[in-house]
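4 protein chains.
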Amino acid sequence: MAKNEKEKFNDFGLGDKSSSDGYRALNKDGTFNITRTNIPFFERLNFFHSLVTMKWSRFFGLIIIGYFIVNLFFATIYSMIGVEHLTGTKGMTPFEQYMEAFFFSAQTITTLGYGRVAPLGLAANIVAAIESMLGLLSFALATGLLYGRFSKPNTKIRYSDKAVIAPYQNINGFMFRLVNPQKNQLLEVEINVSLSVKRNDSDLRNFYNLELERKKVMFFPSMWTIVHPIDKESPMYNLSKKDLLIKDAEFIVMLKAFDESSSLPVYSRTSYKADELFWGEKFIYAAKRENGKLNVDVGLINHTENVDLN
Amino acid sequence: MAKNEKEKFNDFGLGDKSSSDGYRALNKDGTFNITRTNIPFFERLNFFHSLVTMKWSRFFGLIIIGYFIVNLFFATIYSMIGVEHLTGTKGMTPFEQYMEAFFFSAQTITTLGYGRVAPLGLAANIVAAIESMLGLLSFALATGLLYGRFSKPNTKIRYSDKAVIAPYQNINGFMFRLVNPQKNQLLEVEINVSLSVKRNDSDLRNFYNLELERKKVMFFPSMWTIVHPIDKESPMYNLSKKDLLIKDAEFIVMLKAFDESSSLPVYSRTSYKADELFWGEKFIYAAKRENGKLNVDVGLINHTENVDLN
Amino acid sequence: MAKNEKEKFNDFGLGDKSSSDGYRALNKDGTFNITRTNIPFFERLNFFHSLVTMKWSRFFGLIIIGYFIVNLFFATIYSMIGVEHLTGTKGMTPFEQYMEAFFFSAQTITTLGYGRVAPLGLAANIVAAIESMLGLLSFALATGLLYGRFSKPNTKIRYSDKAVIAPYQNINGFMFRLVNPQKNQLLEVEINVSLSVKRNDSDLRNFYNLELERKKVMFFPSMWTIVHPIDKESPMYNLSKKDLLIKDAEFIVMLKAFDESSSLPVYSRTSYKADELFWGEKFIYAAKRENGKLNVDVGLINHTENVDLN
Amino acid sequence: MAKNEKEKFNDFGLGDKSSSDGYRALNKDGTFNITRTNIPFFERLNFFHSLVTMKWSRFFGLIIIGYFIVNLFFATIYSMIGVEHLTGTKGMTPFEQYMEAFFFSAQTITTLGYGRVAPLGLAANIVAAIESMLGLLSFALATGLLYGRFSKPNTKIRYSDKAVIAPYQNINGFMFRLVNPQKNQLLEVEINVSLSVKRNDSDLRNFYNLELERKKVMFFPSMWTIVHPIDKESPMYNLSKKDLLIKDAEFIVMLKAFDESSSLPVYSRTSYKADELFWGEKFIYAAKRENGKLNVDVGLINHTENVDLN
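Protein chains in written order, with full-length UniProt numbering: chain L, 1 to 310; chain R, 1 to 310; chain W, 1 to 310; chain A, 1 to 310.
Just to be clear, a hint being listed does not mean it is correct.
Since the list gives no way to pick one copy over another, a pair counts as held whenever it fits inside one copy or between any two copies.
[Claimed, not checked] In the EDC-like style, the derived pairs of lysine to aspartate or glutamate whose C-alpha atoms are separated by at most 20 Å in a straight line are: (1) Lys-162 / Glu-43; (2) Lys-156 / Glu-260; (3) Lys-152 / Asp-259; (4) Lys-273 / Asp-243; (5) Lys-198 / Glu-96; (6) Lys-215 / Glu-305; (7) Lys-256 / Asp-297; (8) Lys-28 / Glu-260; (9) Lys-28 / Glu-43; (10) Lys-288 / Glu-211.
Hints in this document: simulated from the structure, not taken from any laboratory.
Model the full structure from these sequences, guided by the hints.
Encoded structure:
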């Protein structure tokens, strides 16, 4: 049964075949070290996904540039129609007239419509009617994008930078810890840790599911130390620090939880390589009672002290 | 197996180590008595989450203040450019001119644009084009925030203020009751009760999962009495009222359900301390038939009567 | 085990205690015959839920009336300030002036702002600035409400009006059928049927879970006949038509599915009373092959023919 | 137990009764070959669903046509009221006057409101107030629709065009492969394959669940080859290529996953008919190491090479 489960977990989509020395399947930030090529543009394309996941600075940059370009475009059209079809323009030079057209376009696309300058005649009116409609649709789109950006579950689990091997009961354990730095509550938090090591005789890799002291917690308001006890059943049993480095070990961590703030499930991933694992250190306790509350000092998440191993 | 499950439930993220006398892990409203410090500002920050969960009065207050400040800001800019670049202004005194600029700003940012006052010249036009764009984006944001605020599942389960020990079949039971006061239907309602008590010999705490008469109901249109039968398997077996007070007992309640109105899962939490537990009282029946309907009197949720215990 | 499950299902929040003769727990449309009284107004209140679930006619009615009243309100304020503070008004009589104020208000709250009439002076400008802001917020709210109304999973499962007792293999079965009349696909459809009957010796009711031939289907593109085989294990075994009427039987149906269109889970409920159950009828087949497609005639959902029972 | 599961899977809503020769239950794109007729218009109707799932070209076409028609409608009303009730109109001929009314309508419904033309008098003002309100509501609707269109999980799993029978360990296996061409991560991907074959003696069909080498992967960043080992337990055991063609075999594939980008579950379906199954071919390996990353060449998804079967 245990073997079966390991078998099933084997590979799990990360490719056991070409993962040779020095390869990290999962980056620390949870992204995969996998690229895909030769995807037709249309299949790859996900307009909304890109606009919702890009950085804020880039998102606002795109909006501002788009606003500028669209106004340039319409200003050119109004100029071609002739500014005499815009009432109230006071520009004398061609540049001033183009500027009048430009700002008239801006007043139209935002549906501001001061009316000091207004379209006169069929052509100018048609363009203005189209532009104002376009403005409304663009704005509808921006509303959706802003909501899409904000309403995404915004969970940034913070993992300790390093994992440790520390005493656990009368054996040792593989440990790391994590905290939710934000105000949103995470509930029914489930964690899954697996170990990927190179096979002795080939470039292929084996994947093992690591049994945890506690796989799921109902609440997660505090700091949580994940422990894999290195007992006789553990794939890490009798492996030394050097063995793990030679086998190019990677510990792959996947967390699943329910985010009460967005009412959506959230996932988080990270990994530890053999050289991020410290032997004979233990995490220091980060919580203390204060005014009837338990206070957790998140700044201590990476603090360890030396300890003798069993 | 049972022991295993209790073991797993142990701590569940609430910290078994420093929970000494008089400590309440979970407040009555379901928040945790845990604070986290030393979190970098950027990690802690969740702009949308704050704006969506703050009180309505504060939310509208922020909007109004923001509207006022932004208009002050732009009015100052227009004044610096000079009100002579705004056509149609009729203000004579500097204050009147500033007011004209202020209201022109308000008409621009809301894209109202009466046009009695309108920008003339490059500088004023540029500022107005930027302001109207900013107005649209702010408004897009407000739309998203309002929707985010409203669309959150808004479930306020009402729990009885007190729990009781009352006869149940030929033994006694730990009981409390709950009702959904709102119109939205809750389906597949699951409840979980655990008991946290101080250990005899230390400051540490033990957590026990309490077996319930009924752990899940498919519908929840009425009032529901939760019963933990105190049989020989119960961690409360042979514990007296005084024992629970000495052991600083806390009953931690967690409810999970599907909210048909929002099509989302919802969670609710509360807790009872030993001094909110009343021995030898039972809840009076709150439902009666009326015109072919079952009528539940929610006002009776806390009403109990004295009863002899088994 | 089986008994245990029935036990658990017992009551399921529908109240087994006061359900006497002629009582229907669940209406045909899936609503509950349960009312709750004495709920404080603030707890009961769910503004968004009400506005999102009310009928379209009522929703639009509210918007139109609200628009009218708000404009009356602001028109009165502008009139009190004096129409001389609105430029360009051409009204002579008090009524005409009030009308000018009214339409000026409408042009302001929609951020239309023609500017033929525009505010002049501090008081009128302040009111207009507030009104346009209010307009934007109301409109943001309306956007959210419209989206909330539309994005709700809109699944209307259609159940056969009657249930039947028909031959099934070499015994008989309790049967009804259902279809999804809409274009959205329902996946992983799960159905649950239970029988509620009066106890012989009291007003109380028993609830039994009915075993089904097939409890779950992965796809539901066609019409589905639900069958409970009346074998020796069935709570309906040896019960006659008359028995079910005397016991005031109610068959409670609950369906759960994943709605691919909204990517949300959906639930549907209905019930059959003993007098909606027809003995010795069977549903006629409603599907036939046409041009390489299977064609399901939804209009036949209630069509049955007489049949001899086993 | 295994038999039981097959039994349960039997039919799964696809209609086992009239599926005779040459019938394909599930199209390659995952739609069903099933139509439903005689559905009352009101039950079938799902306005939002239609507007959200139609093609972009059609969606924008509808908006543009709608905008044009609504303006024609209001222009006609304003013309009937008389353009003399619109100030500032400069049209001389009836056509020019109608055009003025048309563009005035466009400026009103978009809440642009230049004000060069503005309503005067009760009738024109009432119509304009109604039109601007209608404009806001339509725009709110468009915002919701655009968001609804964009926020839908947009997952297009790409399946290999053909399935193959290739050696697997010391037997053979039924195989096909799939890839997620988009940037969004799919997690907890579960796959289900079943085989539908005609019965020997009738028009009816049998459905069998196919056991897979791996039914679920936690991550899916790469290409995944699904393998059903044809061992003694397999319903394909001892069936030849010809047998499958005669039995009109259809392999029905259903995939379920969690889409991290939208935080929603997604489903995907496809099918392979017997003539899309190639014997003695195997998929060539599509991944290689490059700069410390694994590179998957999606263009190779259909590439196979000949191989001897066991």
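Comparing the hints with the structure gives:
Taking the shortest Cα distances, Lys-162 and Glu-43 sit within 20 Å of each other only across copies (19 Å), while inside one copy they are farther apart (39 Å). In this assembly of identical chains, Lys-156 and Glu-260 lie within 20 Å of each other by CA distance both inside one copy and across copies; the values are 14 Å within and 14 Å between. Taking identical chains as interchangeable, the C-alpha atoms of Lys-152 and Asp-259 lie at most 20 Å apart whether they share a chain (11 Å) or sit on different chains (12 Å). For a Cα distance limit of 20 Å, the shortest separation of Lys-273 from Asp-243 inside one copy, 13 Å, qualifies, whereas the shortest one across copies, 50 Å, does not.
Within a single copy, Lys-198 and Glu-96 get their C-alpha atoms no closer than 71 Å, and across copies no closer than 79 Å, so neither meets the 20 Å cut-off. In this assembly of identical chains, the alpha carbons of Lys-215 and Glu-305 never lie at most 20 Å apart, being 25 Å within a copy and 43 Å across copies at closest. Within a single copy, Lys-256 and Asp-297 get their C-alpha atoms no closer than 24 Å, and across copies no closer than 30 Å, so neither meets the 20 Å cut-off. For a Cα distance limit of 20 Å, the shortest separation of Lys-28 from Glu-260 across copies, 18 Å, qualifies, whereas the shortest one inside one copy, 25 Å, does not.
Proximity of Lys-28 to Glu-43 under the C-alpha cut-off of 20 Å is restricted to the inter-copy arrangement: shortest distance 16 Å between copies versus 28 Å within a copy. In this homomeric assembly, Lys-288 and Glu-211 never come within 20 Å of each other (Cα to Cα): the closest approach is 29 Å inside a single copy and 32 Å across copies.
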